[in-house]
Amino acid sequence: MKVILWKDTKKNIENLMEKAENLFYAVDFPVSEGIEEAYISVDKKKVLYRAKVTEISEYNLPNAKKPAEKGKKKKDTRELMLKKKTGLKTVLHLESLEVLAPSIPSSDFSLGRNKINAVDSYYEATLERIVITQKEKYSSVIEGPVRQLIEKELDKGVVLPLHIAEMLTKIKKEKGQDFFNKILKRVEEDLEERQIDPFEAVGIIAAQSIGEPGTQMTMRTFHYAGVKEVDVTLGLPRLIEIVDARRTPSTPSMDIFLKDEYARDDDAVSRVIKDIENTSVIDVADVITDTDEMMVIIRPKRKLMDRRRIKEQDILDAMGSIKQITIIQKEKGDTSVDYADIEIKAQQESYKRLYQLQEQVKAVNIKGLQGIKRAVAVKERDGTYKLQTQGSNLKQVLEIEEVDAVRTTTNDIVEIANVLGIEAARNAILKESRDTLKEQSLDVDERHLMVVADMMTIEGQVRAVGRQGISGKKSSVLARAAFEITVKHLMRAGIVGETDTLTGVAENIIVGQPITLGTGAVDLVYRGNVPDKGE
Amino acid sequence: MNSFISKRINNIQFAILSPDEVRKMSQVRVITADTYDDDGYPIERGLMDLHMGVIEPGLKCATCSGKVDECPGHFGHIDLAMPVIQVGFVKEVKMFLDGTCKNCNRVKLTEDEMQAYGRRLSEKKLEDYDPELLTLIIKKNLEQAIKREVCPHCGFKNLTVILDKPTTFREGAKSGGAAEKKITPKEIRERLEKIPDDDLIYFGLNKSFVRPEWMILTALPVPPINVRPSITLETGERSEDDLTHKLVDIIRISQRLRESRDNGSPQLIIEDLWDLLQFHVTTYFDNQTAGIPPARHRSGRPLKTLVQRMKGKEGRFRSNLSGKRVNFSARTVISPEPFLSINEVGVPEKAARELTVPVTINQFNIDVMREWVKRGTTPTKENGNYESGVNYILRPDGRRVKITAANAEDNSQKIDIGWVVERQLSEGDIVLFNRQPSLHRMSMMAHTVRILKGQTFRFNLAVCTPYNADFDGDEMNLHVLQKEEGRAEARIIMKVQEQIMSPRFGGPIIGGIHDHVTALFLLTHGNPLFSEKEATHIMSYLPVDKDMKPVSVENGVKYFSGRDIFSAILPEDFNIKFRSKLCSGAKRSEDGTFVCEYEENQEDIDVVIINGRMIHGTIDETAISPFAGKIIDKIYRKFGAAAAAEFIDKMTRLAVAFISFRGFSTGIADYDIPENAISEIKEISIEAEKDVDGFVIDFKEERMNPREGKSVEETLEEEIMKVTGEARDQSGKIASQYLGLTNPSVIMARSGARAKMLNISEVAGMVGQQSVRGQRLNRGYDKRTLPHFKKGDLGADSRGFVKSSYKVGLNPLEYFLHSIGGREGLVDIAVRTSRSGYMQRRLINAFEDLKVNERRQVTDTVGEIIQFKYGDDGIDPTKSENGEALDMNYILFDEENGGEQ
Amino acid sequence: MSKFNVLHHELVPEHYLVEEKDEVTILKKLHTEKAMLPHINISDPAIKALMEIHGNIGPNRIIKIVRKNPNVGITEYYRLTISEVLK
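Chain order of the listed sequences is G, H and Y. When you line the first sequence up against this note's numbering, it's residues 15 to 549, in that order. When you line the second sequence up against this note's numbering, it's residues 74 to 974, in that order. When you line the third sequence up against this note's numbering, it's residues 953 to 1039, in that order.
Excised from the complex, chain G in its bound form (with noise of 0.2 Å):
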């Protein structure tokens, strides 16, 4: 959809709001026929207003010069606002102007295939709007019967898992209500039995049950027999990333699958291939800082650039997300060299605008996308492909046309928390530690993982669970104290007069009396002689 987007200022805005309704607004830039909606950003980057547009028409005023002088249209004098003093060139007629809550990024408005990184002037662009709706819901697919027989004894207190009462069902129908009942009974008996015991330290319990298979396992990515396609860090070094919530994995990785109809199609496939993965200066250029003439020099080279398939052209665009520097493309003097020489120049002329300048250079994305080092294509055993990459850029790639935005995952589960939530990121969590333990084939209840996963998302967002994260966070000084913090630390926010108020295990360790959990949670009570009704 075709919109108008542009750049005000925070007065303009304020006084558009003012009138609201009913709203001529003469702007300095042309408006095609057509266009239905307005877009305005004050800052660049978010835009936080929109308006539909009802008439567009051309702006005439007879006198340019006198710009606070009502613009003559064709038939009334209609309250014009004006944008500018000069060089006004169209009048908008806008209605319902509102404040866009959330806003919306200026990277969603697209010109053509490129994005718009920030509303600099004004632009006809498209906008990619998509209805939000909710997915199918997972109750949907289970049938009428199972789904009473789950709710009636939720009634009663027992969860029944799915599975079972699916099979219950089937009993049901196959053996005869007699049978049923016998099995029901039995299987009530058995859940009530097997409930955890309150005050069980549920937390020690997931915690031993984690780290003691630790000590059996691997620290390398040993004898990986077969082919591997891409580098993924496996057992213990993998599971402590988890634990740690690590900004970036050591060997991020995505799993791409494509829609459906791109599944099978080879040319789709090396097409995204080729789109994604991720070329800079470095990988296709020597990158040279000469310190006499305060430059950074760029010496492409052939062989990588042909590889690559990158033109001179790509590089000179690219250097145009630096700012502030002068490009100077010398001529091909030597006719051994196959390109000529980038010289960039930084503004700012000194030794450390000089350093950054390099890294910048270095550093800047030619083409595909941030992150994505190398993707492959395997090919699944039903004939579809997926792609394997080494590198992670999980918002970038789900917007990709080509891909399946709901099977596609990657193992950057802070990445994951930041693009899908965090309950994806909970997810996220369980899957990954599940498979590190399975892959080394460890044997660890769910339900272990389900309070490591929990503990770690509760807050909102992804905690460590060191003393950056959870066990920091603590509200007991003394438990603090024994951990790893040190101890000034602590002392001093002891002295704002804090209070521990001896509830958890570390502390009442350490004052040496019974903790909270488990047999120190229930007291006793001895109930002395009933006397008998007789007596």
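Please keep in mind that the hints were generated in silico from the structure rather than gathered at the bench. Even for Gly, the Cβ is constructed at its ideal location relative to N, Cα and C. Treat each hint with caution, since some may be false.
Claimed, not checked - Residues of chain G clear of chain H, computed beta-carbon distances all greater than 10 Å:
1) H107
2) E138
3) L163
4) K196
5) S294
6) E363
7) Y369
8) V378
9) E415
10) K502
As the list claims (entries may be wrong) - With a straight-line cut-off of 20 Å between C-alpha atoms, the simulated PhoX-like cross-links for lysine-lysine are:
11) K60(G) <-> K1000(Y)
12) K1000(Y) <-> K170(G)
13) K167(H) <-> K212(H)
14) K502(G) <-> K711(H)
15) K16(G) <-> K986(Y)
16) K942(H) <-> K502(G)
17) K711(H) <-> K199(G)
18) K238(H) <-> K164(H)
19) K149(G) <-> K1000(Y)
20) K1020(Y) <-> K151(G)
21) K986(Y) <-> K942(H)
With chain G fixed as given, assemble chains H and Y onto it according to the hints.
Just chains H and Y now, with coordinates in the frame of chain G:
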């Protein structure tokens, strides 16, 4: 002395000591830096004044008249000549100096700001705030105050305060303003004193507990003597504790400072002395303060002062508070004892005599205890066996009376109700038994005591797995529970039989290992027959009384089947059906039946037990070992922990009995394979080598096509490793063909007792390719692994392909390269033990406070909910069926065959 | 908003905004209070998607999350919306 009211510390409030409190709690004002006089007697008002406590036996404390073991120690104090900054509070002092006005001493915030911040802070009481969040809030609050030069209350223009680490403050020079000047601690104190109470909240201080000027020290508390005891060396000299040394320095400088000040010495000298005093006090608290050189001994070793005593793994918290050395414990080497129950532990007599249990005398046990005391210290029964005696009795006033052979009789008359008798460990007592590292709760379990001759702790082998113990010299610890609650908890919750099921995965962790598996496999596989004499002999080891029916009679001799003998240890109404490890890979043939290479009879593929009788199948790892242990699992679930323990006891006895009877051994001849097999294997290795050479030539002549996304070198290596891997696999298959279930090693591998078929193929067939980091060996010399090869040699031999088998033996080159590969494994184990330990510690620390409440929600100490229902279904993983809540198949099978009733 | 629907991704469970009138009943069923509920940021991508359906969602609202548990089936979880901590 017993107090029968149990009290609980409810909470601990932290605050700062004010100088008034320091003086109030002090018992003596220390003036002189001298410690002892010429007679070795502590000097009055010196650092070792008796008012502060006693370290030498014989001396009495001047404050509380207690002797060495009674006096808890008392504080003293030093009045410092000039105030000094407490190094731990430097950041806070700066915060105050930055945020308040020098002139009017109010916080530099406008009324509006104060209202806004005040409101934000009053949401909760200060202490309820998460400390990190609180720091952030305060930082934000004070941003404005710090930036502001002009005080909004009095208009005074303030100068910036700069901190020279660690303890010097300067008032900064502003352009055209006053020159930089050092602010003395005295001035700082005066400024802080004037800050009004109500402004304190904006700095995060609670006005009811803390005044900012207390952060500058005027009265320094002197720790009691027993906190810094002096040591007497062999030479007779006294060596003072590091803290005492530091206090000596402090007093000396403080004295000099006082004298100089009173004598009117030049300002510079006073300043220097003051700085020196500050240095000493700073170092006294923290000798590792950033920015100043640590104070050292004459020997050069840095002193260990207050902060160092608290920090780190060896510090007060981690080494003396969270974990302590304890009494009533023992430790020795462990050795196996198959004829003990899994719940028992064999304790050496020597240990039992030292470890005691306190018994409080009351009207019901006074007679028994009298007899007990009479026995003395080393009683023995008539047959010479151990009997427990008594070591001490405790009078109600707390005095301890040592019992000896001489006074035993007398003391037995003296005891009365209310006295406590410390009796020695006896049969049936409950103790905690533990092996370190204690990674899970099964590393510490309760056992009942059996007192045995010998020097080692002994226990049933089935319990090895949870402790992760082997008998190559391991030691284990024993703790004797002193109180009745402890003993009750141990007996009911911690007993070994209660720990049979592991919370980690819902299956048994105690069960038959190694020879147990081999024995029961041999007993039941193919259902061998035993004569009456043989069967009786085997069953004589079992505490069962069963009517056994013979399977056949030949020549008048009754024969009994192995499966029936096994069934003797099964409970009566027990039903189960499962597939053993032997036939776990049974493939389904076209007609739907399963085909297993070890059992011809379709019937024998599964283990089936109905009503306590084993009808067919083979007992192996799947049936009775930890992790799988289906029989143990089901017995535990249906009949309870005691029954499961009984079964394991009987099972281990049966296994040991049977294998002792039958005998089991292996030798090198067991790995013999026929000539043609050997030559076939040789062929394979030659072929493989040729292939590898072929790849190398292709690579060198640039004919190799790289795989997608990989370099040529990577592709070459992959191809080679594929070929060598296949070679080993193939040779393994050939060797296995000739080694069947009559071969002891194969029996052990197939039954799951020990080792895998891979190990056997390495011994009989070919060892195969060695690897480091997943690659063939490539490190060593320049472009080659060993100088025996040419540079650039990429052939099979050169990179660690071992063609020989262990039986034939490795040649020197193969041997060396093999040990390189083997070393990697050992290093891996070493590294992961420490990393895994650290991870476990962090996990435990983060989750230790979680508990399940009555509604089976998981909450933390505050009550915040983590899970609305534990595991979403409330099921205890220990009681789960390998993760699943129930095993429906078993329920159906069980119900169909008679069920619960 | 971007070009894909966060709520449809297989790792993202169902998110629903609990209407204010239902809050008391739900808290009663859970035997708890709002302060004890787990948190979710209003800047969370799933919440942002919900805002497209329901309009702006402020802090202190209850979100109902329906998860798929391979062992148990369908389970419910609740979170309280909070605004980003002042960092």
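Task: Minimum Cβ-Cβ distance from E415(G) to chain H exceeds 10 Å - done: 24 Å, holds
Task: Assertion that L163(G) lies outside the chain H interface [Cβ separation over 10 Å] - done: 14 Å, holds
Task: Straight-line alpha-carbon gap K16(G) to K986(Y), limit 20 Å - done: 44 Å, violated
Task: E138(G) and chain H, when compared Cβ to Cβ, separated by more than 10 Å - done: The assertion about E138(G) holds, with a minimum of 42 Å to chain H.
- [ ] Verify the proposed pairing of K60(G) with K1000(Y), using a straight-line Cα cut of 20 Å.
- [x] 15 Å, holds
- [ ] Take the C-alpha atoms of K149(G) and K1000(Y), compute the straight-line distance between them, and say whether it is at most 20 Å.
- [x] Roughly 15 Å between the alpha carbons, so the hint for K149(G) and K1000(Y) holds.
Task: Verdict on E363(G) as a residue remote from chain H, using beta-carbon distances over 10 Å - done: Check passes; 27 Å lies beyond 10 Å.
- [ ] With 10 Å as the threshold, tell me whether K196(G) passes as away from chain H on beta-carbon distances.
- [x] The assertion about K196(G) is violated, with a minimum of 6 Å to chain H.
Task: Non-interface claim for Y369(G) versus chain H (Cβ beyond 10 Å) - done: 29 Å, holds
TODO: Below or equal to 20 Å on CA atoms is what counts here, so check K502(G) against K711(H).
DONE: 55 Å, violated
Task: Holds or violated: K167(H) to K212(H), with C-alpha atoms at most 20 Å apart - done: Roughly 12 Å between the alpha carbons, so the hint for K167(H) and K212(H) holds.
- [ ] Take the C-alpha atoms of K711(H) and K199(G), compute the straight-line distance between them, and say whether it is at most 20 Å.
- [x] 16 Å, holds
Going down the numbered hints, you'll see the structure goes against 4, 10, 12, 14, 15, 16, while the others check out.
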